[in-house]
Amino acid sequence: EAGVAQSPRYKIIEKRQSVAFWCNPISGHATLYWYQQILGQGPKLLIQFQNNGVVDDSQLPKDRFSAERLKGVDSTLKIQPAKLEDSAVYLCASSLRPHPGAAAGTDTQYFGPGTRLTVL
Amino acid sequence: GEDVEQSLFLSVREGDSSVINCTYTDSSSTYLYWYKQEPGAGLQLLTYIFSNMDMKQDQRLTVLLNKKDKHLSLRIADTQTGDSAIYFCAESIIAGNKLTFGGGTRVLVKP
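Residue numbers (this note's numbering), protein chains in the order written: chain F, 1 to 120; chain E, 121 to 231.
Don't read these hints as lab results, they were simulated from the structure. Every value quoted in this text rests on a predicted model; they were computed, and no experiment measured them. Do not take every clue at face value.
[What the hints assert, rightly or not] When the alpha-carbon atoms are kept at most 25 Å apart in a straight line, the in silico DSS-like pairs for lysine-lysine are as follows:
hint, chain 1, residue 1, chain 2, residue 2
1, F, K44, E, K230
2, F, K83, F, K44
3, E, K156, F, K11
4, F, K78, F, K62
5, F, K15, F, K71
6, E, K156, F, K44
7, F, K62, F, K15
8, F, K78, F, K11
9, F, K44, E, K187
Work the whole structure out from these sequences, hints included.
In structure tokens:
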């Protein structure tokens, strides 16, 4: 079974530029998550999708970050304009979880390799 | 509020047991997880435990949960050099909802 795919793996940009990351979840997984992992810290959830609807975006800096999941499969995360403090690894994860209250075990989150962003 | 804390670093000799500790503050945490992250890689789920359990064993891994003290530990038996990585504990209040991670414990296994 193929895992969560992300691209690019690395990106270097200058501050105030724009950048976009792409994620392809595991086939059939209804729920998709984007996390930000700053060096030396644990990942922090930015946004969670259930199919193509947003479940939780409370920690997404909406003045500069946006995300979409068209057709409930692939997702893109965009930063416009980037700031120095956006330098981090952006992790995408997916889980089967077809609906709230689904059977235990369907909520396990599987992570992609991440995109390492450096903002200069 | 949610807060998960871990010690920063653990050094252990190959063949010994490793114990990684984690404390959390949210008493309504329902699911607690241990993830492993190797350099340049994503997070790999090692094991998880539901809050109605005290212990879970899975091959070389043993998870202990003390709900009263809000303390979670991961014991790795017969630690190998391939176990060198950063280990994160995480909590979730509702299955499938966001994970709140600790800052990670870097484990170094010495031959």
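Taking the hints in turn, this is what the structure says about them:
| no. | hint | result |
| --- | --- | --- |
| 1 | F:K44 <-> E:K230 | 31 Å, violated |
| 2 | F:K83 <-> F:K44 | 18 Å, holds |
| 3 | E:K156 <-> F:K11 | 24 Å, holds |
| 4 | F:K78 <-> F:K62 | 10 Å, holds |
| 5 | F:K15 <-> F:K71 | 31 Å, violated |
| 6 | E:K156 <-> F:K44 | 16 Å, holds |
| 7 | F:K62 <-> F:K15 | 17 Å, holds |
| 8 | F:K78 <-> F:K11 | 13 Å, holds |
| 9 | F:K44 <-> E:K187 | 24 Å, holds |
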